[in-house]
Amino acid sequence: MNNNPLSPHVQIYNWHISSLVSISHRITGVINILALSLICFWVWMLLLGSESYQIIFNFFNSFVGKFFIIGFIWSYSFQILSEIRHWFWDLGYGFELKTSKITGALVIIGSIIITVVLYSLRGLLL
Amino acid sequence: MLSATKKWLSLKLSSVIMVPFMIWFLIKIVTIYDDDYQNIKEFFSDPFSAIIFSIFIVVTFFHSAISLSEIFEDYINSEKSRKFANMMVYLSSFIIPAITIITLYKL
Numbered sequence: 295m296n297n298n299p300l301s302p303h304v305q306i307y308n309w310h311i312s313s314l315v316s317i318s319h320r321i322t323g324v325i326n327i328l329a330l331s332l333i334c335f336w337v338w339m340l341l342l343g344s345e346s347y348q349i350i351f352n353f354f355n356s357f358v359g360k361f362f363i364i365g366f367i368w369s370y371s372f373q374i375l376s377e378i379r380h381w382f383w384d385l386g387y388g389f390e391l392k393t394s395k396i397t398g399a400l401v402i403i404g405s406i407i408i409t410v411v412l413y414s415l416r417g418l419l420l
Numbered sequence: 004m005l006s007a008t009k010k011w012l013s014l015k016l017s018s019v020i021m022v023p024f025m026i027w028f029l030i031k032i033v034t035i036y037d038d039d040y041q042n043i044k045e046f047f048s049d050p051f052s053a054i055i056f057s058i059f060i061v062v063t064f065f066h067s068a069i070s071l072s073e074i075f076e077d078y079i080n081s082e083k084s085r086k087f088a089n090m091m092v093y094l095s096s097f098i099i100p101a102i103t104i105i106t107l108y109k110l
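Residue numbers (this note's numbering), protein chains in the order written: chain A, 295 to 420; chain B, 4 to 110.
There may be inaccurate statements among the hints.
[What the hints assert, rightly or not] Mimicking DSSO-like on lysine-lysine, the simulated pairs with C-alpha atoms at most 30 Å apart in a straight line are:
#, chain 1, residue 1, chain 2, residue 2
1, B, Lys31, A, Lys392
2, B, Lys109, B, Lys10
3, B, Lys44, A, Lys360
4, B, Lys15, A, Lys395
5, B, Lys31, A, Lys360
6, B, Lys83, B, Lys31
7, A, Lys360, B, Lys109
What the hints contain is simulated information worked out from the structure, not anything from laboratory work.
Extracted from the complex, chain A is given alone in its bound form (with noise of 0.2 Å):
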């Protein structure tokens, strides 16, 4: 190890709304792809038989699983929201520090808007 300081030192980090989003961005990213293979494996589950979908039934019907649910539905539609943020940039709009953390900002309220919204109209979608 040499002595150079070490950045960002993230117990004293001062958090801002552009590094937020960002790092926010990589970690849904990473919960996305475990959530999507795990779905992958409940496709899967399906080939057993409606005896063994019983535990997976059970599952998505409780505390936890609605938990997972809804985690998923913010975790996704976060993910969409910073990515059209992303093309935006890649078109070379939005890098003024104001715009950007407004952006920002409408990703991170969006996503939970997102979710209360489709969650609570999910019997309306059938």
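Following the hints, put chain B in place on chain A, whose structure we already have.
Just chain B now, with coordinates in the frame of chain A:
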């Protein structure tokens, strides 16, 4: 073309394809996830949703394999472990969608 440019382009292209499928899947899964066996099976064995779901997982696992390899570049120091991690990710991003698509076909 530089390999880094190629990587970046495939990352962007796959994300543009992926997002509409993500929205479709999000809406679908919210409505059906706690349904009983018969209805879930019906959804996944329906040809339309099976095809859309297959494209969705192929593109998504492709996209995530590239993204994960970028994350490894940032956080894994040793080249040996990085190569191993990359190999595992590329392997599973091929195997998981492949088995899932075969499963959909058999349902």
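Check your understanding: Taking 30 Å as the top limit, are the C-alpha atoms of B/Lys44 and A/Lys360 close enough?
Key -> Holds, at about 20 Å.
Exercise for review: Starting from B/Lys109, check that the Cα of B/Lys10 is at most 30 Å away, please.
Suggested key: violated, 34 Å
Check your understanding: Within 30 Å, alpha carbon to alpha carbon, are B/Lys31 and A/Lys360?
Key -> holds, 15 Å
Point to revise | Hint consistency between B/Lys15 and A/Lys395 [alpha-carbon to alpha-carbon, up to 30 Å] | key: Distance ~23 Å between B/Lys15 and A/Lys395 Cα, so the pair holds.
**Study point:** Restraint check for B/Lys83 with B/Lys31, where alpha carbons must lie at most 30 Å apart
**Key:** violated, 41 Å
Check your understanding: CA of B/Lys31 to CA of A/Lys392, is that 30 Å or under?
Key -> violated, 36 Å
Point to revise | Satisfaction of hint between B/Lys109 and A/Lys360, Cα-Cα up to 30 Å | key: holds, 29 Å
Of the numbered hints given earlier, the model fails hints 1, 2, 6; all others are met.
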